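Visitor: Listed below are the residues making up each chain.
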Amino acid sequence: MLKGKQSWVFQNRPVIAAAGVSGGPFEANGNLSEDFDVLHDDLWMGEDSYEKAHRILLEEAGQTALNKANVQKEDVQFYIAGDLINQITPSSLSARTIQIPYFGVFGACSTSMEGLALASFIVNYRGADHVLTGASSHNAAVEKQFRYPTEYGGQKPPTAQWTVTGAGAALVSANAAGSNLPVTTSATIGKVIDMGLTDPFNMGGAMAPAAADTITAHFKDMQLDPSHYDLIVTGDLGRIGQETAYELLKNNGLNIDREKFKDCGLMIYKDDQPVQSGGSGAGCSAAVLYGHLLNQMKQGTYRRILVVATGALLSPLTFQQSESIPCIAHAVSIEMT
Amino acid sequence: MLPMFFWAFVIGGLFCVFGQILFDVFKLTPGHTLSLLVVLGAVLDGVGLYEPLADFAGAGATIPITSFGNSLVHGALQEADQHGLVGVLTGMFEVTSSGISAAIIFGFIGALIFKPKG
Amino acid sequence: MSKKTKTPEQQQYEKLEQKHELKRPVLKNCIRAFWVGGLICVVGQAITYFYIYFFNFTEQTAGNPTVATMIFISMLLTGFGVYDRLGQFGGAGSAVPVTGFGNAVISAAIEHRTEGFVLGVGGNMFKLAGSVILFGVFSAFVVALIKTLLIIWGVI
Chain S
1 MLKGKQSWVF QNRPVIAAAG VSGGPFEANG NLSEDFDVLH DDLWMGEDSY EKAHRILLEE
61 AGQTALNKAN VQKEDVQFYI AGDLINQITP SSLSARTIQI PYFGVFGACS TSMEGLALAS
121 FIVNYRGADH VLTGASSHNA AVEKQFRYPT EYGGQKPPTA QWTVTGAGAA LVSANAAGSN
181 LPVTTSATIG KVIDMGLTDP FNMGGAMAPA AADTITAHFK DMQLDPSHYD LIVTGDLGRI
241 GQETAYELLK NNGLNIDREK FKDCGLMIYK DDQPVQSGGS GAGCSAAVLY GHLLNQMKQG
301 TYRRILVVAT GALLSPLTFQ QSESIPCIAH AVSIEMT
Chain D
1001 MLPMFFWAFV IGGLFCVFGQ ILFDVFKLTP GHTLSLLVVL GAVLDGVGLY EPLADFAGAG
1061 ATIPITSFGN SLVHGALQEA DQHGLVGVLT GMFEVTSSGI SAAIIFGFIG ALIFKPKG
Chain B
2001 MSKKTKTPEQ QQYEKLEQKH ELKRPVLKNC IRAFWVGGLI CVVGQAITYF YIYFFNFTEQ
2061 TAGNPTVATM IFISMLLTGF GVYDRLGQFG GAGSAVPVTG FGNAVISAAI EHRTEGFVLG
2121 VGGNMFKLAG SVILFGVFSA FVVALIKTLL IIWGVI
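Residue numbers (our numbering), protein chains in the order written: chain S, 1 to 337; chain D, 1001 to 1118; chain B, 2001 to 2156.
Honestly, the hints are just simulated from the structure, not real lab data.
Here the structure is a predicted model, which means the values were calculated and not measured.
A portion of the hints provided could be inaccurate.
Partner residues aside, some chain B positions facing chain S, computed with beta carbon under 10 angstroms [as the list claims (entries may be wrong)]:
#1 T2007
#2 Y2013
#3 Q2018
#4 E2021
#5 T2069
#6 T2078
#7 G2079
#8 G2081
#9 L2086
#10 A2092
#11 A2095
#12 A2104
#13 A2109
#14 E2111
#15 L2128
#16 F2141
Glycine is no exception: its CB is placed at the ideal position from the N, C-alpha and C atoms.
Please model the entire structure based on the sequences and the hints provided.
Guide: Here is the structure:
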C-alpha cells in the first residue's frame, strides 16, 4: 500500500525467513566475523579471476539462506540481486547457477535495500510465496574497475573507504502464523540526490544528502517519530558521511538519538584495520544487516530498526567527463513480531 | 662520491615533495601529476637547465620521471643537430628507450609469473 | 577538470560537508614523500656507481642500465604485493621516481592477465602510464622543434 509520497506499507507483514552472509579474508579479521556464515581466506575463492570469485560470494549467501529456511530453489518464485561490477555480471551469473526467474537491479551500494523493498512488495501482494534477494561486492574486482589495479602504489586519502568483499542474501516469504521471524513492515524509495561533489575518494560526503533526504521522507510519509526505532543504520556513509548526515537530519528538524544512529561501514571492521573512513560496497549493508543485525534482533537487542542503504551512482567514465556524483538511498524498516 | 649521494637524496626527495603537493593540495590524479612532471623535465632540458642538475644531483635528477622528458628532448636535439629538423622526430627514443622497454618487458614477465594480491 | 557552477543549495552543503571532511595530512605526506623518494634515488645512485665501476659505463651512459634495473626491482616489489603498501605510505615518493612508472605498467599487466595476454595484458598495460608517454613525447617534440627552429634561424 502506498503511504505518503514515496513509501510502501507492507500490511500483510512479509517475513525474512532466513538469511545467508559470506565474506572474504579482511572481513574474517573484522569486527563481525562471528555473524558470517561463510568466510574465505583468500580473494580468489578457488576461481581464476576476481570477478568469478565475486559470483561465488553471492551464490553461497543465497544457498545458505535457502538451506536455513529449508526451502528448495524450485519453490522460490523470484530472485532479485545486484552488485557493483559492469552490467552486474556476477549477479546475473549467480542467477544462471540458481535458475530462479531473475530481476537484476543496480543501486550501487543501496542495492540491498532496493532488492529487499521490491521483494517485500511482491510477497506482500501475493506475487510470490518466496523471493530471494541479495547484494554483493568484491574489493579487488571493484578496485580494478573503478580505481586502479590492485598492485598499483596509489595513495588513498583519509576520506576513502574500503569496499567490502562480501555478500548478503535473504529469503522473503509470506507470513505464517506463529512464526517469530523479522518482518519487513515498510519501505521508502529514494530519489537521486546530487549536491555537486566530484571526488570519487569521498563517497560518504557525496551520499550523506541522499541518506538525509530518504530518512526525512520516511518519517514524513509514515508520520512517525525517530524514537519509533531502536536503531537507524545507514549502509556505508563512513565516518564523514555519517557525521554530515546527522547534521543534515538535525537541520531538517529530526531529533535522532546519536547512540541509535549507526553505520554498517563503521561496524564491520576493527579500528586497527586500514580502512580509512570505513567499509563500503553493495555487500557492506547486506552482510551487516543479514548477519549481525538480524542476529541482534533475534536475540532481543533491537525490536524495530530502519536500514538505509546508500549508493553513489557514478562510473569511472562520469568522473573523467567531469560529472558530479549522483547518489541515492533506500530505506526498509524491519520489526520483530 | 658521498656528496653525490646526499644531493641525490635531497633533489630526488624535493621532486617527490613537489609531486605530493600536486596530489594533496591541487588534488591532481597520479596520471595528471606525472604527466605534468614529465613535461616539466622536457621544458627544463629545452632551456638547458636539466643537464647541470643531473651533473650535480646524479640519480636525484635521473631517477624521477622528469628525466624521461629530459632524455626525450635530448635525443631529439642530438639528432636534429646532425640531420636537421626531421631529427626531432627520429631521435627522440634513442636515448630513452631503456625505461619504456624495461617497463614493457618486465610488465609482460610480471604478468606471466605473478598473480595480483589485492 | 572543469567544475560546474553550483546552486546555492549545493554551495551550502559543500560548506557543511567541509566541516566534517577529514583533511589530508599534507605536511606528513610531504615528509614521507621526501624520505621515500630520496631513498629510492639514493638506491639509484648506488646502482649507477655499480655500473660505472664494475661494467665500464660512463656517467652519461650509466643512466640506461640504472633505469632498467630500477624497473626490474619495481617488478619484484609489485609482483610480491609490496609496492602498493609503499605507495600508500610514500605517496608521490614512490609514484614520481621511474619505479613508479614501472609499477604503473607492471601492476596493470598483472591485473589484467585474467582477460588474456593479448586483449587483457596488451590492451590494458598502459592504462595508467599512457598519459606519461603521450605528454612526454609530445612536449619533447614541441620543445625540440622550437629550439631547433630557433637555432636554424640563428636566434640562439
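Visitor: Does each hint hold? Answer for all of them.
Guide: Tested hints:
1. T2007: Where the cut-off is 10 angstroms and the nearest Cβ of chain S is about 8 angstroms from T2007(B), the hint holds.
2. Y2013: Where the cut-off is 10 angstroms and the nearest Cβ of chain S is about 4 angstroms from Y2013(B), the hint holds.
3. Q2018: 9 angstroms, holds
4. E2021: 5 angstroms, holds
5. T2069: 18 angstroms, violated
6. T2078: Holds. Min distance 5 angstroms.
7. G2079: 8 angstroms, holds
8. G2081: 6 angstroms, holds
9. L2086: 6 angstroms, holds
10. A2092: 8 angstroms, holds
11. A2095: Since chain S brings a Cβ to about 6 angstroms from A2095(B), closer than 10 angstroms, the hint holds.
12. A2104: 6 angstroms, holds
13. A2109: 8 angstroms, holds
14. E2111: The hint holds - E2111(B) has a Cβ within 10 angstroms of chain S, the shortest such distance being about 4 angstroms.
15. L2128: 7 angstroms, holds
16. F2141: Nearest chain S Cβ about 25 angstroms off; hint violated.
Taken one by one, the earlier hints fail for this structure at numbers 5 and 16, listed in ascending order.
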